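Please model the entire structure based on the sequences and the hints provided.
So this note's numbering is basically just the index in the sequence shown, starting at one, shifted up by 1.
Because the hints were derived from the structure by calculation, they are not lab data.
None of the values given here were measured: they were computed from a predicted structure.
Watch out, some of these pointers could steer you wrong.
Computed spacing ranges between beta-carbons, pair by pair [what the hints assert, rightly or not]: (1) Pro60 to Leu344: 43 to 49 Å; (2) Gly72 to Glu589: 49 to 55 Å; (3) Ile168 to Glu635: 20 to 26 Å; (4) Pro241 to Arg195: 23 to 29 Å; (5) Tyr214 to Val137: 24 to 30 Å; (6) Lys321 to Asp230: 40 to 46 Å; (7) Glu635 to Asp276: 21 to 27 Å.
Below, computed lysine to aspartate or glutamate pairings styled on EDC-like, alpha-carbon distance capped at 20 Å [what the hints assert, rightly or not]: (8) Lys304 to Glu273; (9) Lys547 to Asp583; (10) Lys225 to Glu142; (11) Lys98 to Glu36; (12) Lys533 to Asp503; (13) Lys454 to Glu434; (14) Lys304 to Glu560; (15) Lys404 to Asp259; (16) Lys296 to Glu354; (17) Lys15 to Glu635; (18) Lys15 to Glu61; (19) Lys98 to Glu128; (20) Lys19 to Glu70; (21) Lys564 to Asp583; (22) Lys296 to Asp276; (23) Lys462 to Glu434; (24) Lys478 to Glu560; (25) Lys590 to Glu569; (26) Lys602 to Glu589; (27) Lys15 to Glu229; (28) Lys15 to Glu36; (29) Lys533 to Glu422; (30) Lys590 to Glu574; (31) Lys15 to Glu250; (32) Lys454 to Glu436; (33) Lys225 to Asp213; (34) Lys304 to Glu635; (35) Lys459 to Glu434; (36) Lys462 to Glu439; (37) Lys462 to Glu422; (38) Lys547 to Glu560; (39) Lys15 to Glu299; (40) Lys478 to Glu488.
Every residue, glycine too, gets a C-beta built ideally from N, C-alpha and C.
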Amino acid sequence: MSDESRFQAEERVKYRIKGEFCANCSAKMERALSETTGIGPTSINYAAKTVFLPPAMVPEAQRIMENIEHGVKLVAVENQRDKSSDQKPEESLLGGKLMGIIIAGILLAIGLIFGSKLHGTSLEPIEYVVYLSAYVLVGYEVLSAALRNILRGSVFDENFLMALATIGAITIHQLSEAVGVMLFYSVGEYIQARAVDRSRRSIQDLMDIRPDYANLISQLDVVKVDPEDVQIGQNIMVRPGEKVPLDGEVLNGSSFLDTSALTGESVPRRVETGDTVLAGTINQSGVLTVRVTRKFAESSVQKILDLVENAGARKANAEKFITTFARYYTPLVLIVALGIAFLPLFFGGALREWLYRALTILVISCPCALVVSIPLGYFGGIGGASKQGILVKGANFLEALTKVRTVVFDKTGTLTQGVFEVVQINPAHGFTENELLEIAAIAEAHSSHPIAKSIRDKFGKEIDLALIEGYQEISGKGIQVSLCGQEVLVGKAVLLEQAGVDVLAEADNRTGTTVHLAVNGRYAGYLLISDKPKAGAQATVNALNKTGVRTVMLTGDHESVAKAVSEELGVAEYHADLLPEDKVTWLEKLIGEARGQGEGKVVFVGDGINDAPVLTQADIGVAMGGLGSDAAIEAADVVLMEDQPEKLLTAVSIARYTKVIIWQNIILAMAIKLGFIILGAFGVANMWEAVFADVGVALLAILNATRVRTYLAPQSGNTGEKKLFTVLNGSSAK
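Right, here's the structure in full:
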């Protein structure tokens, strides 16, 4: 079982982390919690500021986190609807920091304008007061945090580096530079906090699909209530322009629903009496009376929101690497700085000059640009995908999508519409067409399979269930039924052959799904049922083929049907006549072949209803058409909410683009920091330039990470295919 599976399996509660903390401190808290007995492997979602913990260990977790970052507080997320209130205390904290920055900036300006000597050793007492006052205003939090961490045994962090660099500058009488460095560091931290907060709020913008109220129909009136107070079985009214607050069934009325918030699809969906409606969709025209079928906490919209927000808990390898890298990076830079400060003294170097160079290097060594931009990049990718109606359950799955080399499709309901129609009725001698159809319809009365439904629809009459005396479903083969004392077999040829019934062989050579029937051991004939490819299926398969991705189709249908569909759609390889366990066997074989060729990942795309074993076995399980399907949301790693094959291209495209952004940030931050370390060592860069470089690279990385959210405009069509070609065939095709 993977770490992620254990993480899900343990009984844990989600807690929101209130207070202000940086990405590097988040990594430290995560590491400390994971190493604590009773908590074990855990993950802090820095972007959403949440963590899952065993309730009994919360006091200990609070103590550990408080030791690392003073002022943070764990609060259980009991009410999903009041998340935005968690931000209010931080607004006041940021406001107080901004005021201190402004005052310190004014004091620094006064010192620079009116000071008698800016870089000498004979500053006037009033200048010491001005500079030190400004320094304390913007440096108090940094200094106090550094002192607390030293006392707790945690020395090497950005607070220690900034404190050491600026105090060192003061000792060599560079007061203006010490104040300037601390001031601009504080400005950078403030802007970073704002930028991170904006990224968090981008997910809260997604949360706007959460309904605010429900119109509960009582005996006397319609009352506006909280959706969480509505019970299953109660009736609600949804007026034009309102969000559907809960999942339910339409009792009265007809309308068009805007489902774009859930699916990314702009075309309205018509609903009428008897249809299912989902929370988060918007009623566009008529008044609907809806009977509630799920509580708010179990509604589709709540599950979607939880999946999107909690996806950051599953970390990608790049995030794990940077977290580990930052742990060793800071002490390494400190060792380099010490070497630069003191080694030249043995060769006649001036202490003041080389100490200044060493302090300059310390200023630019903060790892926050790397640590914060990478999770924000994945956070943006997951949020951007959700706006397209694509739910990615974790950054690890988003990362895995960039390594896709084999895509395995189920046929029915995935590449084909799954809307079957009986096109031929071929009775054997002694049976009529009507008799054959009636026997098949009664036998299939209890089945939920689309083929069974097509037979009942063709029959078109009410079925007397009392005629069914015995019923047994034989997995992957068909049904054995007792009707009025007669034993009836309905299903594949193999089912009848195992019972000793001779089957008309040429029937299975026709294009379509063949359903054979036998009555009391006598062959009765067959029904031919056709299915049509989905719009966009051929374009999706062709796009994958052109970009070097291996396409495979697994189906339980007969060889002739599988061959016809694969040739029509362009699927490179197919395997037919498969039972559910055969699909798993073939998938394991394909995974083994992919492993032998490197790091290529195998994706299985199914309808999420009867493909759960294969979805969970694949490197990435993709459920298509998961709108309202609990089975899809639970079993798959990626859920395509709209029933459109091309959404798979969009998902891969977003994943690839996110990877590009992540590597841009890594290269950008490392190159600039390494460059300024070299410039600082040779005395070319001073502290002012170093702090601008440190702050600037962090802001550039954060702003670059936010580009993922707007990579694709919410629209259907061939957008995903076009973007996929651009990304796969461009510089990102690594």
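Results for each hint:
no.: 1; hint: Pro60 to Leu344: 43 to 49 Å; in the structure: 48 Å, holds
no.: 2; hint: Gly72 to Glu589: 49 to 55 Å; in the structure: 50 Å, holds
no.: 3; hint: Ile168 to Glu635: 20 to 26 Å; in the structure: 55 Å, violated
no.: 4; hint: Pro241 to Arg195: 23 to 29 Å; in the structure: 38 Å, violated
no.: 5; hint: Tyr214 to Val137: 24 to 30 Å; in the structure: 49 Å, violated
no.: 6; hint: Lys321 to Asp230: 40 to 46 Å; in the structure: 42 Å, holds
no.: 7; hint: Glu635 to Asp276: 21 to 27 Å; in the structure: 23 Å, holds
no.: 8; hint: Lys304 to Glu273; in the structure: 25 Å, violated
no.: 9; hint: Lys547 to Asp583; in the structure: 28 Å, violated
no.: 10; hint: Lys225 to Glu142; in the structure: 47 Å, violated
no.: 11; hint: Lys98 to Glu36; in the structure: 33 Å, violated
no.: 12; hint: Lys533 to Asp503; in the structure: 30 Å, violated
no.: 13; hint: Lys454 to Glu434; in the structure: 18 Å, holds
no.: 14; hint: Lys304 to Glu560; in the structure: 39 Å, violated
no.: 15; hint: Lys404 to Asp259; in the structure: 34 Å, violated
no.: 16; hint: Lys296 to Glu354; in the structure: 69 Å, violated
no.: 17; hint: Lys15 to Glu635; in the structure: 18 Å, holds
no.: 18; hint: Lys15 to Glu61; in the structure: 16 Å, holds
no.: 19; hint: Lys98 to Glu128; in the structure: 23 Å, violated
no.: 20; hint: Lys19 to Glu70; in the structure: 11 Å, holds
no.: 21; hint: Lys564 to Asp583; in the structure: 18 Å, holds
no.: 22; hint: Lys296 to Asp276; in the structure: 18 Å, holds
no.: 23; hint: Lys462 to Glu434; in the structure: 15 Å, holds
no.: 24; hint: Lys478 to Glu560; in the structure: 15 Å, holds
no.: 25; hint: Lys590 to Glu569; in the structure: 25 Å, violated
no.: 26; hint: Lys602 to Glu589; in the structure: 12 Å, holds
no.: 27; hint: Lys15 to Glu229; in the structure: 19 Å, holds
no.: 28; hint: Lys15 to Glu36; in the structure: 19 Å, holds
no.: 29; hint: Lys533 to Glu422; in the structure: 10 Å, holds
no.: 30; hint: Lys590 to Glu574; in the structure: 14 Å, holds
no.: 31; hint: Lys15 to Glu250; in the structure: 31 Å, violated
no.: 32; hint: Lys454 to Glu436; in the structure: 18 Å, holds
no.: 33; hint: Lys225 to Asp213; in the structure: 10 Å, holds
no.: 34; hint: Lys304 to Glu635; in the structure: 10 Å, holds
no.: 35; hint: Lys459 to Glu434; in the structure: 12 Å, holds
no.: 36; hint: Lys462 to Glu439; in the structure: 9 Å, holds
no.: 37; hint: Lys462 to Glu422; in the structure: 16 Å, holds
no.: 38; hint: Lys547 to Glu560; in the structure: 26 Å, violated
no.: 39; hint: Lys15 to Glu299; in the structure: 16 Å, holds
no.: 40; hint: Lys478 to Glu488; in the structure: 16 Å, holds
Hint compliance for this structure: hints 3, 4, 5, 8, 9, 10, 11, 12, 14, 15, 16, 19, 25, 31, 38 are not met, and every other hint is.
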